[in-house]
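If you read the sequences in order, they're chains A, B, C and D. In this text, residue positions in the first sequence follow our numbering: the first is 16, and each later residue adds one. In this text, residue positions in the second sequence follow our numbering: the first is 23, and each later residue adds one. In this text, residue positions in the third sequence follow our numbering: the first is 2, and each later residue adds one. In this text, residue positions in the fourth sequence follow our numbering: the first is 943, and each later residue adds one.
Treat each hint with caution, since some may be false.
Said to hold, decoys possible - Facing chain C, according to a computed beta carbon distance under 10 Å, are these residues of chain B, among others:
(1) Gln67
(2) Ala73
(3) Met75
(4) Arg81
(5) Ala84
(6) Ser176
(7) Pro183
(8) Glu187
(9) Tyr191
(10) Val274
Said to hold, decoys possible - Think about it this way: if two alpha-carbon atoms lie no more than 30 Å apart in a straight line, the pair counts; the simulated DSS-like pairs of lysine-lysine are:
(11) Lys151(B) with Lys296(A)
(12) Lys1276(D) with Lys349(B)
(13) Lys349(B) with Lys1284(D)
(14) Lys1294(D) with Lys39(A)
(15) Lys153(B) with Lys40(A)
(16) Lys1283(D) with Lys296(A)
(17) Lys1294(D) with Lys240(A)
(18) Lys151(B) with Lys1294(D)
(19) Lys240(A) with Lys129(B)
(20) Lys1276(D) with Lys1233(D)
(21) Lys350(B) with Lys1283(D)
(22) Lys349(B) with Lys1294(D)
(23) Lys1234(D) with Lys1276(D)
(24) Lys1092(D) with Lys350(B)
(25) Lys1276(D) with Lys1218(D)
(26) Lys1283(D) with Lys240(A)
(27) Lys219(B) with Lys1116(D)
(28) Lys219(B) with Lys1092(D)
(29) Lys296(A) with Lys1294(D)
(30) Lys1284(D) with Lys350(B)
(31) Lys1324(D) with Lys39(A)
For the record, the hints were derived by calculation from the structure and aren't laboratory data. These figures come from a predicted structure and were not determined experimentally. Just so it is clear, CB atoms sit at the ideal spot from N, CA and C, and this is done for glycine as well.
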Amino acid sequence: MTTSAVTEKNSFMKVLSNIWELVKKIPPVFPIFFVLFIIVSLLSPTYSTANGVMAFLRRTAPLGILAIGQMIVLATGGFDLSMGSIVTLVCLVSSLLLANDEANTYPTIGLMLLLGAGIGLFNGFVVTFLKVPSFIATLGTMLAVRGAALYWVGGAPKGYFTDNFRMWGRGYIENVPLVGRFPIGLIVLIVVGLISWFAFHRTNYGKQILAIGDNVRAAKLSGVKVRLVRMSAFMVSAVLAVIGGVMIGGYGGVNVSIGEGLEMDAIAAAVVGGVLLGGGKGAVVPVVFGAYTLEILFSMLNLLGLPKPYKDSIQGLIIIGAVAYVAISQRKKR
Amino acid sequence: MTTTTANGRGLKKFFRSVSIPPVYYFLIVIFLGGGLLDLFYAGGQIFGNTAIMLNILVRSVALGIVAVGQTMVIVGGSIDLSVVFVISLTSVMSSYIMQGETSNVPKAILLVFLMGAGVGLVNGLIITKLKVNSFITTLGTSLIISGIINSTFSNWAGSVPRSFEFFGYATIGPVPFSVIILFLMIFAGWFVLSRTKFGAHLYGVGGNEEVARLSGLRTDRVLIIAHIICSLTAVLTGLFIVSRLRAGAPWVGPDGYYDLESIATTVVGGTLLAGGKGGVWGTLAGVLIFSILDTTFNQLGVNPYLSIVFRGLIIVLAVASYTIRSKKEAA
Amino acid sequence: MKKSLLFVVSLIVVMAMVLTACAKEEVAPEVEETEETVVEEPEEEVVAESPGLQMESAVVAAQFFSMDDYNQSLEWMANEPVNPDDPIYLQYLLEDPTSIADYPQYEQKDGPYNICFSNAGVNNPWRVVGYTTMGEQVLQLQDEGVIDNFYHIDAQGSDEKQIADIEDIISNPGQCDLLIVSPNTSEALTPVVEQACEVLPVVMFDRYAFTDCPVVSERPIGGYAFGISGAEFIVDTLGEEGGNVLAIRILPGVDVLEQRWGAAKVIFEENPQLNIIGVEFSAYDSFEVNTIVTDYLARFGEIDAVWMDAGGTAVSILEAFEDAGVDYPKAMVGEDQNDYLGFWKENGLNAIAPTFPTYQWRTAVLASVMFLQGEIVQHNWVLPQIPVTDANLDDYYNPAMPPLHYAQCGCEDMVNYPDAWINVDVAKYDNLND
Amino acid sequence: MSEEEKQKMVNEQKPLMEVRNITKKFPGVVALDDVSVKFCPGEVHAVVGENGAGKSTLMKIMSGAYVPDKGEMFLEGEEVEFSHPVQAFEKGISIIYQEFNLLPERSVAQNIFLGREPTVLGVVDNRRMREMARNILADIGVEGAIPASKLVGDLSVAEQQQVEIAKAISLDAKILIMDEPTAALTINEVKMLDELISRLKERGIAIIFISHRLAEVFEISDKITVLKDGKLVGTVQTDEVTSEGIVSMMVGRILDHYFPPLGSLEDFGEVVLSVKNASNDFLKNINFELKKGEVLGVAGLQGSGRTELAQAIFGVVPFKTGSISLNGKDQLIKSPATAIKKQMGFVTEDRKSEGLCPQQPIRDNILLTVRSIQTMLTPISKDGIRRSPDLVPRLGEEVDIRTDSYDREVQFLSGGNQQKVILSKWLASEASVFLFDEPTRGIDVQAKASIHDMIRDLTKQGRAVLMISSELPEIIGMSDRILVMHDGSIAGELPPESSELDIMLLATGQNGNNGSIKSGAKGEN
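Let's have the full structure, built from the sequences with the hints guiding it.
In structure tokens:
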């Protein structure tokens, strides 16, 4: 395909090496996920039934969406620590605004999306114009948003989610051929995933994000509107956090600690999906699989009968391992 | 606040000449603002009451001690999120080992300090030798410790003897013992950063690792020591908390958000997140700002959640006031 | 580079091992063994102790459980109130009179009174309903001119903050005539409550500090009774055959919750036909709870009964059964939260709702005022505690109330009922100053 | 003659440091080829030569930053080997780079003694450290200007340089190497530096400095070593040569390849870019025109404002006054984004930090400019932009990027290929005015030739090129006209195929005797 300097080898070897090249390019998260999945389905019959698989796919969908948002900000070289608080805000405030009336659902979701976009805009503004490092800026918003949400509802969970609000996270479409029932949450993830995949991999936007994360100065000198792109990344991340929040709300129950720590889970999922902190690397599908890999791993630990808290330890080892793996393999290349 | 800028500039010059971090502006404003609110709404009962003023300091102890360690790590251009579970680890292990017996106290203290040093060492080694980003490293070790202690002790573990409670509750004259410890720690932090070779080298490593290396510093070792010190301050905070609570439980660290709050107070105190600049006096101001905010809001009966909102805004505003004129793009 | 990698990894491993080793030895037996017994030898005759109960989250911290208290609770559960004619929130199960006259150190004065309330938090629906009830009671007493100012100090679920909050109150004597405390956790708050007792009268309710100094310590029979009702219901339902029981707890370390589990554990251990497959903490997180139940269904295939120490996420648990496409458990333990009662009625569950009634919040205010006015109050004030069962479900379930309402609020006779409990606004009561 | 010179030197004085037969190769280039020089105590030794002559490489080898492939080094007669700069400075060899190795947030004293803080019982004795710093600053005669407790970040560039010198002195440096010490200094500051250097000389320190400004070299140096293409041309006593003599030693390099033929008159079209009376903080009164089809070479020493000129035109650091017109229309270019829309392209001097996104594939680097012209959400295909799917392979073939796949990350390409990627980036954006800043820096001969061909091809296609280069043969071989810059303004314009001497004379600020010098030249300073 190019004026390659590589000399002609015999064609069989070439095919082989081409295949090997392709295999090498597969992000490690895919094979890991499938191996774990096979182990889990051997351990528990539930995971080999359509219903069990669908339930698993459904419950990880919100984290998948949050991880996509986090990945976009990480790819620009920033952090978004305010995600978890946005989930808190969505769950607490919308349960209040819904007032047990189904007619309020869509206006409420609309308002939440607007609020999310506003928070993202604020994050972006503080980072690009006030030049506060995003770690600190979003740490500030994290506290402010959480405080505001609790203040709004009076520091206490109130109200309840309506059924058509809960549907987005928990609902199923019944009587689907082959799988029986199909979780709506997974549809949301697929739609969000497709849109972000398209935006990230098939429009200029994604390429500009990666360019900024890789080398801001070069991107700027190539005409990229750095501030605009960066602000929009924070907005996308916040809006996806809202969507994730609505889906988590779908599991019912309102409590003030909902959403806490989710930003770290999202970062972990993104890192497992091959995203580099510091920017310049990222892809939508592996990140979603990063979320699923973590979750399937936790399921496996549970099936093996390990106490739940061990999942934290495993998660910790995995993210250190994932980053160390990248660091070491990078060093080898040089 | 609308006095001439000339005055402000003079003040700035003065601050600079005595090398007081600019965060003390914020502290003064918060203090005066709180005082004014107090005067109007509570007739000066709060700020005129020395006991409450001392309580502000007591409120700052737990966060203040660990923030000293965090400041060192951040000055070195690193970050430590694992303090939060080092605190938990300390609290459960010490109260578990003490089991209410005074005779077990030295053993427990020795062991938790050793553990703390171990965690710091591991953090430092992973960051410097494996070149894993410090955020991920310490987030990872934090999760690892969290998993271990939560699956081992899911509850209050043991208890501390009455004799150990003096750390949390005793007073020397009118001054609480813990406040003295806090100031000793701040002073020690200041001393280490500005009066030891290690401190000077830490600023070098944080400011520009390449320069530090070319000046013949052992940059890895400096950073590892900084992480060990940071974990040790977390241990001290853990001991303070356990003496206040009489027993340790795995959740005491995360309940206080000591990871993010210690980073926030450090950065609000004027320490550069990227490293190389800052110090513990600024951090002290950052911690005091948060405590004054809490106490004032509590005493005035303002909704406590507003104070969280204020914390968030203060973090953003304070840091923005340092960075806004910078020419570099932030990320 | 490889050397350092090895070194770091082995360090981590060693640390993990050391930690696990020094704690595990004495506190709990090896987890892995537990597991094997469960998975591979389920058919084998189960020994006296259910294997599931060996897991760490099943252990009750020693200071929270005493067999004497357990037996005493059993006794009280059989008692009738001493004063059955009073409204339920003023009834008590045993006589333990005291009055301000017994406390010469406290200044006796006429009203209206200033009352401070150090609250562990309003961070769950039970506390919201309780605090609403309390606030409405205060409003009524203000209208009557009995209470002047009411200061609410919210610790937001943090021991550290609550200690500091109470220290602030102690430092500002004269602000309040009496302090009501609902401690966040007992162990942690004990020293500071003792300090407070020296300065002003303290009324304690809900959770307890380990001290006898408060002038009134008021609450229903408590955790033991809650745990016993639920566990006995499961034992009775599953009978001789037994079955898989999943225990879902909210938080560790809170006395009333520990006692609930401690009591249930005693009963479960007496009934080896029950297989306790897991004891998990849910922290009121319905998303988490859904995952837990799904995972246990995947692992064991069947769950016959769910025991809970609080009902916050009962509906989410039942929904997880729905999601997995299996039948509801044969026996379900919840709490008197309205959504659960509604779900129960609608689906015809075989269920029970042991309660920890929210009317105790109201009693705290009333007891405080009575004490300050010099009336006789109960030093240890034990309120009656009546579980909701199929028999009395219709008395408590009220479809007009919101899903998060708690049925036993004892608030039906209040001026603003039901509006204040339908449109909840806890911020309204934060500064009830005249 | 140079042999005689050398002989004389050896007899005169025992050298402090001697390098013998140093050879250093980089991939594709021989940076130093069998170079031997002696440096004597108390002497100011200038090392001159064009870009790429190997001066910096030699200095880096002497200071331990590079390890030579071949050759020995002797310090006071003893053979030394350095594998790390720390070893060099412990032996008394200090180097001061153009980018200072200082911590801006630390005080002068702290910087000077970084790593060697004086202590009393383990406690850093700040007072004594300040005292010692003050003494050292006094030693080199600058104590009044620089308080020891001031933050380095608050100092001027010249003062920071003095701190670096003080740091070297405090290390008991016997040899002080300075890389272009005057590049960023004002005239007065240069004078102060000269004085400082002569004081250091009196202390018996050997001072080695690299400079492009011949006037300075003659003013302060005792000896001059001339390097060319990695080879030693010779070492001479300053008072025995003239500046013309040195220039002729420096230039006259053998062309390593043939340049494409220059443009002819009929190739040149109308004026596409014209800059009138434009100034900003660095540039003064810039006037020039650029025609379609022409290569306008911009020569000048480092720091003369060449790069700033390109940055100003491209809107990175825009002009403050004056006007730019493109294709006859006055334009306001305040940002690179506008410049790109107006069909300008800028191949920057610093490839790594300004030109490339190293972790991105070749494809995305090439397409970055096109994508920033389009709206943010314009769809793209897997292989590039939608509108012309074959753009990347087409450009890749056009500029001959050697790679097996365009999905390879650019960080793994050679310098020449990276430069071609940058070039294709601007071809992709269909720029009609190209600004090249050092288009062939650091790349091998073959790649150089192909880039030169490409530049000429651009003009044949009717594009206009402004090419900045410090390599005189390149300027001469490529330019249809030559602008020479000096001190932030245009010193003069020369016709094509002017001699290197003419250019050097204008660029060094000497009023050339060549009649072709136009107005605007400022001779002396």
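If you check each hint against the structure, which ones fail?
Hints 7, 19 not satisfied by this model.
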